[in-house]
Amino acid sequence: MSRTLKFNEAIREALDLCMAKDPAVYVMGLGTPDPKGIFGTTLGLEEKYGADRVLDMPTAENGMTGIALGSALVGMRPVMTHQRMDFALLALEQIVNQAAKWHYMFAGAERCPMVIRLVIGRGWGQGPQHSQSLQAWFAHVPGLKVVMPATPYDAKGLLVAAIEDDGPVIYVEHRWLHNTFGLVPDGVYRVPLGTARVMREGRDMTIAAVSHMALEALQAADCLARAGIEAEVIDIRSLRPFDAPTILESVRKTGHVLVADTGWKTGGFASEVVALVAEQCFDRLKSPPRRLALVDVPTPSTPALARFCYPRAVDLVLAAGEVLGRRRQDLVLPEEPTTPLDVPDNRFTGPF
Amino acid sequence: MRAHMPIREVLKRLYVSMLRVRLVEEKIAAVYAEQEMRCPVHLSVGQEAVAAGVSAALAPEDWALSGHRAHAHYLAKGGSLRAMIAELYGRVTGCCEGKGGSMHLVDTSAGFLGSVPIVGSTIPIAVGAALGARMRGEQRVTVAYFGEGATEEGVFHEALNYAVLRNLPVVFVCENNFFSVYSPLSVRQPEGREVWKFAEGYGIEAWKGDGNDAIGVYERTKAAVEKARRGSGPTFLEFVTYRWREHCGPNYDNDLGYRSTEEFEEWQRKDPIPRLEERLLADGAFTRVELDEMARAIETECDDAFRFAKTSPFPGPEKLWEHLYP
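Listed in order, the protein sequences are those of chains A and B.
Quick note: the first sequence uses this note's numbering, first residue 1, plus one each step.
Quick note: the second sequence uses this note's numbering, first residue 1, plus one each step.
FYI, nobody ran anything at the bench for these hints, they're computed from the structure.
We put the CB at the ideal spot given by N, CA and C, even for glycine.
Warning: the hint list may mix true and false statements.
Pairwise CB distance ranges (calculated) [to be verified]:
| no. | chain 1 | residue 1 | chain 2 | residue 2 | range |
| --- | --- | --- | --- | --- | --- |
| 1 | B | R136 | A | P142 | 27 to 35 Å |
| 2 | B | E290 | A | A20 | 53 to 61 Å |
| 3 | A | H140 | B | L320 | 15 to 23 Å |
Anything over 12 Å on all C-beta distances counts as not near chain A; from chain B, calculated [as the list claims (entries may be wrong)]:
| no. | residue |
| --- | --- |
| 4 | E138 |
| 5 | E158 |
| 6 | Y252 |
| 7 | G284 |
| 8 | A295 |
| 9 | E322 |
Build the full structure now, drawing on both the sequences and the hints.
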């Protein structure tokens, strides 16, 4: 039976169910058992499963990633969390050199089933080192899998699939999604890693998006529909493995494509999607593909500057209009948010 | 024999283990110029006593992980010689089916969980294996092998801190051979620094001793392993030893001038193998004939391993994508 849950509650439920059914699953991260419980995603787990399976940790990201990996090699299934992706950069050595390669370079002698949850976000002055969205780096590395849920349903289903996967999975969650609502079935279910999802069908153009940008894309599609443009919105969901057929099928149908990413434009994942489209269905394109991505500067803290960095639904609508050759006055633009641009909704009062 | 001397089987194991590494690596050095082993090799010649002594103190089900100079650790722990030589030759019968080379050795059936050349990186992984063993209620002990260069890496400190925080069953084995490639300790750590004192500073029982004394290494490690197994936490052992050959490759490199001939010759006089041999003969534990038989058996095994490797097939192209994901 499905009921409405928040995104963070869906994550918590996935952890709870996986820990209940498999004693090898444990969670680890700075602040995991603390009173805020990683944005509410680990609340109550320590009471239920004990301090031996809900581990806080020293501020030692690389070493602790190696420790999680070592435990995975011998039969455990750690779920590690970094409250900002930026902190995980300290652990790139263990993630990229070791976890990603262990199974391959030892010819399958060992497995490292581990999930690394990385939180990204935007707004409230997070600034240059608390707001990076570097999923393209991880997706670049063979041996890793990288997923970015955009809905509570996928947050739970992808996390269950990630925990059950026998290799390392990078699970990227957007801070602005934690308080969004959606229908979530109870019990265990899985969203297969490596599958995109068509969120809204349309014949006129394709908008492929990751994470929070998928919600912006849905909002943009509503506006475009009011101007007579039927946009197909695809939630990429899984960056590696990447569901190329779903994207290509859509682009072959529509002939136009916008890709919306939470990361930087240059060398980002949107570039990968555009490259794939250009290689695989160039002859079906009716217009040049477009990327809407984070502006290529370190993201400033002040809202006065940060507002220019993040593409929003309005930017997607305008870009769609350009792609289809519509006059600006013929487009319907989304209403400007009533809340400031640096918060996801009016309940959000900081600090993060 | 003194009362605390190891029993005859242990003495034999120490001797065979060291001699096996020595003969295998001398053979690697002898054939390396044929350019059929197309991967870097970091030889342990001169340092064999540490691997032999440590492994003799471990149970088969105990685990070990190591770094770039891992042949000795792998072999002493019981890793397959055939699979190691085949790996160096890039054959499909290698321990990594040719995907790892000399710097990535693994034999899980022998408890050797892996070696990697990123300095220090397996130290936290070993601590993690120890954590996993604890969580699974197993009585295993894990050894982390590394060189003194690794004590300059952040993960060394992070791993030690966590091992003592959680009182984990792990033995840190530091082979101090004074050089990180060609960089001496004097340009890497302040004069007078003792690396074992890092561990002491973390609250871990730490000890420094002669890494060319196989019996001493064995006895010290045995105490550390027993301590870990009874739940009394980690130990740090620093063994001072010396790499004879070049950092990477089959040759001698004293001509480069980064270390003196006198120093090198002094360490050759401390060769751990004749040292144990003299002890075995003097104590009457073994006869010369018995020792020669051991050497012949190793040579036969060694010849077989090289023949096996060189006659094994290379991996086919279908192997390229295998094991990317489990």
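Violated constraints from the hint list, given by number and in increasing order | Of the numbered hints given earlier, those the structure breaks are 4, 5 and 9, listed in rising order.
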